[in-house]
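Asker: Given only the sequences and the hints, what does the whole structure look like? Please build it.
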Amino acid sequence: MHLGVCYYPEHWPETMWEEDARRMKTLGIERVRIAEFAWSRIEPTPGQYDWAWLDRAVDTLHRAGLQIVMCTPTATPPKWLVDRHPDILPVGADGRARHFGSRRHYDFSSPSYYEAARAICTAVAAHYGNHPGVAFWQTDNEYGCHQTVVSYSNAAVARFREWLRARYGNVEALNRAWGTVFWSMEYRSFDEIDAPVATVTEAHPSHRLDYRRFASDEVARFNRMQVEIIRAHSPGRPIAHNFMQLFTEFDHYAVASDLDIAAWDSYPLGALEEQWFDAEVKGRWLRTGHPDFASFNHDVYRGMSKQPFWVMEQQPGPVNWAHWNPSPLPGMVRLWSWEAFAHGAGCVSYFRWRQAPFAQEQMHAGLNTPDNRLDMGGGEAARVADEIRALDQAHAEARASVRARVALVYDYPAKWLFEIHPQGADFHYPRFAFEYYSALRALGLDVDVVPADAPLDGYRMIVVPPLPIVPDDFAARLARSGAQVVVGPRTGSKTADLQIPANLPPGPLAQCMPMRVWRVESVRPSVRMPVHSSETSQAGATPAGYGRHWRDLVELRDEAAHEVVARFDDGHPAYVRFGAMHYLTSLFDEALTREWFAAIAARAQLETMRLPDGVRVSRRGGLTYVFNYEDEAYRIDAAEAGADAFVIGGPSVEPRGVAAYRNT
Amino acid sequence: MHLGVCYYPEHWPETMWEEDARRMKTLGIERVRIAEFAWSRIEPTPGQYDWAWLDRAVDTLHRAGLQIVMCTPTATPPKWLVDRHPDILPVGADGRARHFGSRRHYDFSSPSYYEAARAICTAVAAHYGNHPGVAFWQTDNEYGCHQTVVSYSNAAVARFREWLRARYGNVEALNRAWGTVFWSMEYRSFDEIDAPVATVTEAHPSHRLDYRRFASDEVARFNRMQVEIIRAHSPGRPIAHNFMQLFTEFDHYAVASDLDIAAWDSYPLGALEEQWFDAEVKGRWLRTGHPDFASFNHDVYRGMSKQPFWVMEQQPGPVNWAHWNPSPLPGMVRLWSWEAFAHGAGCVSYFRWRQAPFAQEQMHAGLNTPDNRLDMGGGEAARVADEIRALDQAHAEARASVRARVALVYDYPAKWLFEIHPQGADFHYPRFAFEYYSALRALGLDVDVVPADAPLDGYRMIVVPPLPIVPDDFAARLARSGAQVVVGPRTGSKTADLQIPANLPPGPLAQCMPMRVWRVESVRPSVRMPVHSSETSQAGATPAGYGRHWRDLVELRDEAAHEVVARFDDGHPAYVRFGAMHYLTSLFDEALTREWFAAIAARAQLETMRLPDGVRVSRRGGLTYVFNYEDEAYRIDAAEAGADAFVIGGPSVEPRGVAAYRNT
Amino acid sequence: MHLGVCYYPEHWPETMWEEDARRMKTLGIERVRIAEFAWSRIEPTPGQYDWAWLDRAVDTLHRAGLQIVMCTPTATPPKWLVDRHPDILPVGADGRARHFGSRRHYDFSSPSYYEAARAICTAVAAHYGNHPGVAFWQTDNEYGCHQTVVSYSNAAVARFREWLRARYGNVEALNRAWGTVFWSMEYRSFDEIDAPVATVTEAHPSHRLDYRRFASDEVARFNRMQVEIIRAHSPGRPIAHNFMQLFTEFDHYAVASDLDIAAWDSYPLGALEEQWFDAEVKGRWLRTGHPDFASFNHDVYRGMSKQPFWVMEQQPGPVNWAHWNPSPLPGMVRLWSWEAFAHGAGCVSYFRWRQAPFAQEQMHAGLNTPDNRLDMGGGEAARVADEIRALDQAHAEARASVRARVALVYDYPAKWLFEIHPQGADFHYPRFAFEYYSALRALGLDVDVVPADAPLDGYRMIVVPPLPIVPDDFAARLARSGAQVVVGPRTGSKTADLQIPANLPPGPLAQCMPMRVWRVESVRPSVRMPVHSSETSQAGATPAGYGRHWRDLVELRDEAAHEVVARFDDGHPAYVRFGAMHYLTSLFDEALTREWFAAIAARAQLETMRLPDGVRVSRRGGLTYVFNYEDEAYRIDAAEAGADAFVIGGPSVEPRGVAAYRNT
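Protein chains in written order, with UniProt numbering: chain A, 1 to 664; chain B, 1 to 664; chain C, 1 to 664.
Hints in this document: simulated from the structure, not taken from any laboratory. Treat the hints with caution; some may be incorrect.
Same chains, same label: a pair holds when it works inside one copy or across any pair of copies.
As the list claims (entries may be wrong) - Simulated crosslink set (DMTMM-like; lysine to aspartate or glutamate; CA at most 25 Å straight-line): (1) Lys-282 with Asp-426; (2) Lys-282 with Asp-589; (3) Lys-306 with Asp-258; (4) Lys-415 with Glu-361; (5) Lys-282 with Asp-570; (6) Lys-282 with Asp-569; (7) Lys-25 with Glu-387; (8) Lys-282 with Glu-419; (9) Lys-282 with Asp-453; (10) Lys-306 with Glu-361; (11) Lys-415 with Glu-435; (12) Lys-415 with Asp-217.
Answerer: Here is the structure:
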């Protein structure tokens, strides 16, 4: 458990650096990330590097006993580079270049930029690779932020054609795989294929999905180039990238597989405001964030990180970039920090040391205010540092190795596919995955988030949000796991080429769930479809709950092999059980989802709790942590934890408070 | 009464064709539409035609006893053609070409495309013109779908200038007609005139209206070229085009005048979701469609079709293209089919035979599922086929020749004009026309939809939704008809050049309605303007209903000639009667509109009913049909139809049911 | 007090002119604005002027005894000019030229247009400069209308670079002022700097603010060029420009400083519909406009006009350009006219004499209908003319010289800054300024609207809506004024370079308000933050009101110097008083704002009233005017005005009525 901070020596007079470093150390900060936006200072003139200032900054921090996270500055190519190579600019769906003047103004497929990035990356890695103060590396910054993965440049199209050639071998295979005979979209060569954009009506979905896959692969290739350079020049230093929150346009698993550390940037209030949550939810958690949002991300990145994951940027106060930017309630910065550790973080690094008084993010809080006084978040970080030091070392270790008993399968291409091919306008994959996750967490369950190709053995319960394309061996692995498996609608509904499986959905999963989805329907958000459990169903009975958004209409093949646990008003199955496989044909309301998950957990021999909306429990390293997002204190059951077991707080957890006690 | 189906042999292995044809025939299908998207298979390489596969498909279908509707494939030019002639792409209002990769990616004004279309059309017509299996033709597919009528290409502007030259003769006449002196928009030659797009604020409305007229004329010209080629090569075969629903960017009357059959594509659920209906209405008819939507279209296309109109594409299950795509309730496919016949359809053709597992429309249901089992819609189609066979032949004939006693005037340029020149943001012409239609249908009246230049003699009641430009002889024809005439607001409010008439609105209709609209106002949708009938009007009285959207403030010229039937709260007339002319100065709520229409129908000696919202009655070919969109059974009055009169169903019409009985 | 009208002789047959002029005169019109859109008639062919028709028009009007307001026609360059110099077209944020076909299609920075405008302006000024009928001039028409101030053309960028060079001297100074080190946005020369547009995420706020300042300066430069030409050719005639309503993209103070008369175009109904008001407010004042909207504008333009300000265009009936265009209630045209005079207008000029039956504005009412009958607005104008004539001359004079006791500081760059850098998506400067204004008016107070650099001495109460950049001497001037000063949140929050002040907000105002805004927060519109007065605050108490949108969290530096008048629920100060300085940390609800303003006014020895929402009082020229926007009559207190004091109306002011009485 370590604390870090993001620091920009180039933003401040050199006279402040030494005192800054000293104060960081005093506060309990051990790691400092620097230089990810410093290209124009490192190479102010093409080919002329100015290391002097950065050497002094690195030395100052190192002397103060801080470990440096050195970054490659490729997220912000300087103006002279853009003017020399205008083709490095990405091109939007409107056909226009996206200009210089903010950040991430580069095209992953631009050969000029690839070379320029390789050069600056090599220069930085060669210069600092063996510096004793440089302990970690970060590649670039927040790949994909501001929707910068997909570009429609000529360079991207040229590389896409090569990508297609590699995938399909010959154009006939592509025509077959996509089904281009529809609407006379057949190609005679790969060179006839353009980006799927600006078409009269929707472009071909297989074409679009491949373009998204290609774009995702380009990010991985770009990152891999950087990783290889750093490894060559700075052996032994772990390499991280700071991913942005939950949802993105490229496959995080693929990029993470080349890294040592998957880090992410946690902004709970900005995320609440900008994500799918409805107005009532946004109002309720206005100054705390949603109780499951940060932890979902923690569990996502923990799963893909070889070393304990990091929070590379932790919100320390109000941010500047959401539509509205409230101030976190007192205690939240501490709560968020401990929550990260409770989910296995190796390091929580605050963004940023001191609020900058200028430029785009001048309204983004830091640990210190622009007039260099400790801000509220800074005080809470100091408290966390104290608490870490006080913590029994035994509990502070081995936290990343713990495995949960519940796995939730999370997939990136699923998001792209449902965006491209929604069939119902609000079919929002991350939202539905999050709702399943949240239902599990409300039951007090710890959850591992895993990719669809992860080993599944050992889990007692596996939850699969709508997963349109399933691996060939998925059914076999699910069965072999012995777990109770919850499967959401639309799972197995598409082949890898984005076609309907020959046996109809659930495609390969019909092996373990002998049924056939003969029809589907989507309905507007205002439509609620009443559900009755099979036992209590009768005319006029109060429904057990409601389906929303979607229905798979299923035909069941074998009377003996299944049980219809619940049905819709019109008789269509809502929830069908095939032994340990539990198929949900719709997305259900929060209460019903939680109730069914509780019953399935019980079948899996998992104990569950009924937690208030804003109370969450996590177990790690021999400790049970309790987090209270509510406005009321939460009383931990005395039977559960003796008063003397507490290592943080006590049985009464104050609003926005944290408690941790030794497991008995 | 015939059934048909849309079939894509090129989508399926040739080994399936024969069995498909056999099953169609068995099901009761008699006609098969093919090849409208098959250009890339017919001409896979420029100038090299491949007829072999299509010959085999045609022969297979023909051998099975099916009649073929052969199509020209011009809706989907292949990639090689686009690459050779990039100028065939239409250009959007944003100035960008609309790209290849879906369909309808062509500009009606492109000379290259005109020639290419002529060539492929000639090739297909010459090859199949005399094939014994080819019984009908379809030109292109859904002109105007995906907003493809108006293009802003250089080719379009060049032809627009010629169009203007032909219309106005000299530019001085144009300047006068448009009134370009306003804002110094005067032109010195036709060559100075651009497309009315991308202007700083709104472009000149007369300029815009002429551009829309021009674009509509371009569609008619393109279609006429195809019709002439087909007639030359395939004499005696009726030629159809499949129009898209009610609302479009070109004048359907003009295109239909060159055809033998006006067909339309009926998707009641997608239409409900995508059209103007409010959320409550969309929820209420979620899985049935609006009870008047399909029939309004039937009546529109019946009116413009020389032979009985067709439903060329009938929704057979969920579609893929609306924002949300619910599943039709059991019975709806049958109900929709019978509804078409009851309104005079010659053929109902389902789209499509089998759901394709690939490409853009893979989620669009067919009569069969992708795994080739009969889908619910297929079963209902078979039932319709059986019912047709069982029907007394006497009743099955001469249905198109029946004329209703009520006419509703429907006009395409009115839609363009109110879009260009709304004066109130929600002045939606098709909506208001539909609301008048719906009020008539709720009264159990059969309606003919006619153009403004149609002969009007013989109708007892004529309803004119807001018709801004009226033909010169309209007043005279209305008067001569002897009918009770309902006239909506804004009628006669513009000259053909889109100017205000010299005598103010209602312009030429002041002949039969001596008044002067001295002012108009539009109000936000939330504003309801209370109306009182002249008899009961008094302070504090409950209003009879409400005006919405719009008011014409009228000055009445001659006390003797009129009666103010109802007034607004502030005294302005709401409904003025001039003998048989009934002028409505606003758009009124549903109940009040229905009540007034009932009273006017009574003056016209028409008997009316008070039907539930979801029950509709149609009379044709000696039969009275009853359709029940409701969730409750509907009981037909015993006095109205004896039990032995029923040829379909009986006096109790189940939810989503159909009944038909012989007229006594 | 004079009446005028806008007239377009080029729109009508010459045979109508004389009668038009005669009728104007008879109606009481004294001034006629002409020719602002007549370029294509004045110069129908490049370089060939046609003065004959306009000479005849001018002579006709002059002979009838009317004074002419002659305009330069630069708002509508003709097509031939655009075709010769396509670079005169402005370029939108999307990079596309904004085309010919409406108006204002020119770029203020285009050298070709600058020269063309200079030429036509010189020609008109030289031709009519000494005509005895030409009494006034107007430059161009409604600068900034249709968002035409900011252009992204190459010409604009070239001039922007020069502007930056002039402001900063060297690029290092610019880099420092903007803080371009952030995100490696540093420039090596002015020539590297582009327009701040089309960036990947938000462009640099200082860059954007400077671009807006530059664009505003370009308008002033263009106008100044015209003013200088007119002054040279037509000495002694006052020069006006007609500004558009309250809100715009350039600094009106700067343009007005070159003029003699600041005029504005008053469209109360269109403004209500198009501005920020919520649906309930829009419904309530549907046919009257908001009771404070026109008067706010009057007070704005009175403040910046050297001679009495004008309403150059007064709405006479329904307009055509709002989303919905209701008809003003009877009486409103008269009420609006008197309201203008009561606020100091020198002239109210109606737009337009007669409704045009053609082109874009054919649905815009005039004083006469298109068939040349007097419209309702024309009748009300005639009544106003009669009332003016009847008015005691003593009261008709010196009305512009009166100074109010309350000043409201209104600033244009504040609007740009909060648009660029909102931090909360709905931080709408004009709205908040208007809400403060409205609260003062509801208390019966007369208000001067002044710029931040205005002399403040002599005011008893000064209200400062959120003013991010304050002049250096602002604190000193406020203190010296002796007034009670209300300061809104975010005041003093930015330096001139758009950075956070070194001492944090309120920056230089900390001199008179010793505090430090250590944090801010913005909240969604649905969030209400309860406020309690310090006296009554206790758990469970009903709040005194609510903060919305924003909070400054303040640290108070000196216990003795302040009083916390009210706090939020969580203890943060809501309203802090520092002697005569009253700092509001949020935007409060209407009732609470009014209550606090009333208390502050009492401290300022100002008497206040509690007026109904739709009743407003103005004092000028020895008269007190009362305006009644309500549906009920309003009774003026007998004690206030004796019945014999009334010069217009009497103590009972009918709905939509006006009264005026001599002050005792």
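Asker: Taking the hints in turn, state whether each one holds.
Answerer: How the hints compare with the structure:
Taking the closest pair of Cα atoms, Lys-282 and Asp-426 come within 25 Å of each other both inside a single copy (18 Å) and across two copies (16 Å). Within a single copy, Lys-282 and Asp-589 get their C-alpha atoms as close as 18 Å, and across copies as close as 22 Å, so both meet the 25 Å cut-off. Taking the shortest alpha-carbon separations for Lys-306 and Asp-258, only the intra-copy value of 10 Å comes in at or below 25 Å, while the best inter-copy value is 69 Å. For the homomeric pair Lys-415 and Glu-361, the shortest alpha-carbon distance between copies (20 Å) is at most 25 Å, but the shortest distance inside one copy (30 Å) is not.
When the C-alpha separation of Lys-282 and Asp-570 is checked against a cutoff of 25 Å, the pair qualifies only between copies, where the shortest distance is 19 Å, while the shortest distance within a copy is 34 Å. Only between protomers do Lys-282 and Asp-569 lie at most 25 Å apart by alpha-carbon distance; the minimum there is 20 Å, versus 32 Å within a single protomer. In the homo-oligomer, the alpha carbons of Lys-25 and Glu-387 lie at most 25 Å apart inside one protomer (15 Å), although the nearest pairing across protomers, at 80 Å, exceeds that limit. In this homomeric assembly, Lys-282 and Glu-419 come within 25 Å of each other (Cα to Cα) both inside a single copy, at 23 Å, and across copies, at 24 Å.
In the homo-oligomer, the alpha carbons of Lys-282 and Asp-453 never lie at most 25 Å apart, since the shortest distance is 34 Å inside one protomer and 42 Å across protomers. For the identical chains of this complex, Lys-306 and Glu-361 are neighbours neither inside a copy (32 Å) nor across copies (42 Å), given an alpha-carbon limit of 25 Å. Taking the closest pair of Cα atoms, Lys-415 and Glu-435 come within 25 Å of each other only inside a single copy of the chain (15 Å); across copies the shortest separation is 41 Å, beyond that limit. In this homomeric assembly, Lys-415 and Asp-217 come within 25 Å of each other (Cα to Cα) only inside a single copy, at 16 Å, whereas the closest approach across copies is 44 Å.
Hints 9, 10, counting from the list given before, are not met by this structure.
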